[in-house]
Amino acid sequence: MAARTLTRRASRPCSSAATHHVTTAVVVALGLALLVAGAIWDLGIGASGMSPGAVLHALAGPASSISHQIVWTIRVPRVLLAAIVGGTMAVAGVIMQGTAANPLAAPDIVGVSAGAALVGVAGTVIFAGLGGTALVLASIGGAAAAAFCVIGIAGAGQGRTGPARLALAGVTVTAMLLALTQALLLLHQTGTAGVFFWLVGGVNFASWQDIHTIAPWAAAGMAGAMLLARPLNILALGEDTARGLGLKVTRTRILGVLCTVCLAGSAVAVAGPVAFVGLIVPHIVRLLVGTNHLVLIPVSGLCGAALVTLADVACRYVQFPFETPTGVVTALLGTPFFIYLARSQARRTR
Amino acid sequence: MLAAAAAAACLAVTACGTGSAGGAGGGSTAGSTAAAAAAASPASAASPASGIVTSDSAADANARANLAQCGLPARQITDASGAVVTVNGDPDRVVTVQPSFADEASLAGVPPVGIGDDNDPNLIIPQIKDRLKPYTSIGLRQSPNVAVIGQLHPDLIIADYVANVSILAQLRAIAPTIALLSDHTDYRQNLDSALNVGVALNKCTQMKAALAAHANVMAKIRAGLNSGDHRTFIFALSNKKNTSVFNYQQYATTVVSSLGLTAAARGGQFQAGDAKGTSMETLVTLNPDVVFYANENNAAASLLTSWEQSPVFQAMTAYKDHAVYHVDQRTWSLMRGVTASEVIAQQAVSLLGGK
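From first to last, the protein sequence lines are chains C and L.
Sequential numbering from 1 applies to the first sequence in my numbering.
Sequential numbering from 351 applies to the second sequence in my numbering.
Just so you know, the hints here were simulated from the structure itself, not pulled from any lab data.
None of the values given here were measured: they were computed from a predicted structure.
Every residue, glycine too, gets a C-beta built ideally from N, C-alpha and C.
Be a bit skeptical, because a hint or two may be false.
[To be verified] Covered by chain C, per the in silico footprint, the following chain L stretches (three or more residues, Cβ under 8 Å):
#1 486-493
#2 588-596
#3 643-653
#4 660-669
So that you can see chain L by itself, here it is in the shape it has in the complex (with noise of 0.2 Å):
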């Protein structure tokens, strides 16, 4: 019985990589599901590793479309869910389910009230907790408290599509709620995102500066790497009990593909997307020339730490160049967002090395 409702919210975890069109809610929001499989599915194709992805090439179509509401009164914004929902006048008591629109909201300059940070204000990495002001936390990303949002007031909630699309409902009963892509997508989908943030926050200019600078801070960074440097690298999850890569289309390795390295998890089965249980073997086939991976709850053991003991992952080309990076899990797999990919893409050119 155990094992039968755990084999459900595995398959269950895997599958929400592709996510569901979510229902469209009442209030403020027409429901409207023709964007949501383009909106919800995952990212067409990886962030080209010629060059940083930008505002200008948002691909999403309703982020695009939304920036025509820059400015209105009452914007018309569709959402990843495909609901249109009315955001008035300038919003000023967000609530953000998730840490990456709370450091979007920030960067337009509407620091959330409330956010979802799982109950732990250490779950926000400084670079993105300097900038906010005190806020109440609204529990955990996956099933945030319902009632401390509505205690809060909100004029605007900024919920994850993928996480909280059970909910949405509920959170449109409170406030005007829009659905944003943020777990279990990639880097482009995040600045889409943003862009969406400054549109229903009526910031628009500022979220365009926001994103500018992000370019310019992205490709100062970039240079600081060899421009030939395309090794390939993966990004992995490691516990004490299961050892996951990320494909070629999740964060962290978007961000890591931004900067020219060639995300070595794809093809395959990796073409299915998500993070896949994988072992010493397949791991060691797959031979990338850079390892980088986190600890959950960055512990200090898990089983890819005790595989770095073995002969066999020390016969990987990773492992004989020293380019196994043990990297923090709370920036690389629980962040997202703009000042997420600065800090990774940083952290990454400075474990590589470079000019």
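Here chain C stands alone, though its shape is the one from the complex (with noise of 0.2 Å):
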């Protein structure tokens, strides 16, 4: 039934192919679009309340004008980090809902932020010195044995679990996170008045150094992405058959896994748990441009990147000049849609 959802868009027929690749352009296009007037905008907002001229003529000025540095030092690291995480999220989506053919699907749902989230959580209250990039990889760590945690509960590894199942063991999962990660918290009252902040998830104090710790994970996630794209899409044509095309598929399924923790782990470790952009976008993304892995990875990552842009863009209204985490946004779309997605799905077992 699954994966049946996930492949029901590629029978097309061949005469609509044409309108499929424009539909596709289009989405591409309207996706740049946003995601550069959201970069424009976010770049435009500052306490310093610079007009756009004056960003503009900043970005090109001399190095040594202050209006410069907070250009180049505060904002286009924010507005960068916005990019990266929301594509990253957006990507690890996909993969996720490719690899255990379900829905719902989604680094939030299976645990994947929660787990990163809680090593993230520990690395400021206990572990203070831990930073850069052994934050990411105890990260990434973090969210592949929430990961594995769930899939295994859920029997998704063998491909025969519901996206109910799936979501089931996601909640239970990341809700025994969840509590593990207030315990730390309340057990170290005396310094987690920031972490509230960081579990919502945002790029609100986003570096240069932030960027260089991601980069890296994100480029090898975004490859493996796009490694994975041919084998997603026989996986997705059925278990059964994709092991009569030759597909290794419980390979795939563990390489899928590691890619998405990968993304999401990496995100999670800078940028906090933004929460379902792993799942809005790629179901948006998929409904318009069809299930074709090899289009629907490049185009969700823009699309991903675009809604965090211009949801940090929104978060910035809320109680400006002050920062109010991007993930508040995010959580905000999100919830409806997982309701929405959750209904849906149910309506089609029965």
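Taking the hints as your guide, dock the two standalone chains into a single complex.
In structure tokens, the structure reads:
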């Protein structure tokens, strides 16, 4: 059923192929336009109140000017990190859904974000010296442990689990991880004032160091995702068919999970668990461009980047000039979307 | 899901600065919420920059009214929740949830038998600890262990109105419990709490003497600073993931303001109270003359520490004037109370230099 859901648009008649290509081109153009518009808008917001013209001037202006420093040191890395985190979380969602053949699979749902967040909190309140690559590696480890735990409980590794079963296992493991995270916060009350903020997820305090930290992992994850595109297309035909076509299903699934935790774990380590991007974006993009992962992955990455960039713009207006976590906006968008998705899946199952 | 829960917690943390009316307990407590709003709200104004706040200038109506109960064998104390709590005799088995209340009880000559110290005796600064007797930790300040408190057989519990509002009924089932102001309050409110502690312990004379001595100490500390020093300052708390600037109504800020300096974090959004997640750009735009900051857990590294390497941060007046000071988190953001205010003030004057 799940595989059918993910592949039903792949069987479109040849006569609609041209229309499909046009739709894809329009989606890419729209995604690019939203990303560029969001980036320009985001660059223009800040406590120092520079006009759009001043921002442009500062971008190209002398390096010694304070405006130049503010734009290049604070605003540019923030916009870049928003785009990278949005892109990686969206692609992580695509890979997870393809790997589990399950439309409800997403880093938030299968505990990947919660596992990485638990490690992130521990890295702040217990291992305060942990940072940079070490923290990313630890977060990826936490994400991987949570993901394999959920997959094991739900039996998704064998591709025989339904959406509800995976979501239930994910909710259970996420609840456990959330309880552990809260216990850590409760037991270390003297050092947790800012952690609540981070736990909502956001790029509010981005720096070039964050970009340097996440870039190799994001690049590796994206490359891995593209390499998995063809195997995931075959897997989407159903496990038996995939085996018949010579696909090493178990290896593909393991690589898919590793790719997901690499993308999502590194994003959470740097920006916190920005919610629901990995759920919302792949679904909307799949509806628009179909299920071919060679197209779905890059377009989802583009749209995820646009979504988080625009969410970061929106969160700036909540209590300007103070910071509101970007994840508040994505959570507000994602929660009703998840409910809609779960209800529509339930209707299909009936 | 994780983010949604965290978002709720984040908002709750922000909201708890304003508190909510506490429920009245049973036993020796009579319900009354008339004074709750006034008692729980942040100070209506910052401590005056021109002078030291003393018990004489205490603004809290409850504290003033409660002073009339001094010396009575059964004292009717209106606490911050608006509840009227009857405290009989001279309590000598006192449990305090906040170290600031332990400080004040020990100043009155009644060191507590149980204290909330987050299971870490090092939480309490040495200047307070030196006056305490061996005590039992009751665990976390936010959620103390009620069973441990019960086993101590206290005859008075001093709870934090903001942090412990949800467990007041449980505490009042154990012993008379007064909920006072410490967490998310200012210097003036802490002095008012000290007065209330004195009344509850039936040690009004000792507490008034302690507060008078405190006023003298603060005056001497203040005299160490140039009288014309009204530089703007902020106090910030930072960890690896966030930096919060405390506004002009927060405890450490009001203590430093009482020395004559001017809190920069006021007006606009800062007027709404409490610490705010603040970007480097907002901080630089605020451009205070002096920055005091603490790292959570007193860690060596934090977001703000990393900002110090940025040319944007280095364009700030405080940086250019070598007036960015790293201070101790326990003292500046966790302790509060009479002794902590003296330590904060002394450290501030030492760092700022003076006459």
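Which numbered hints does this structure break?
none
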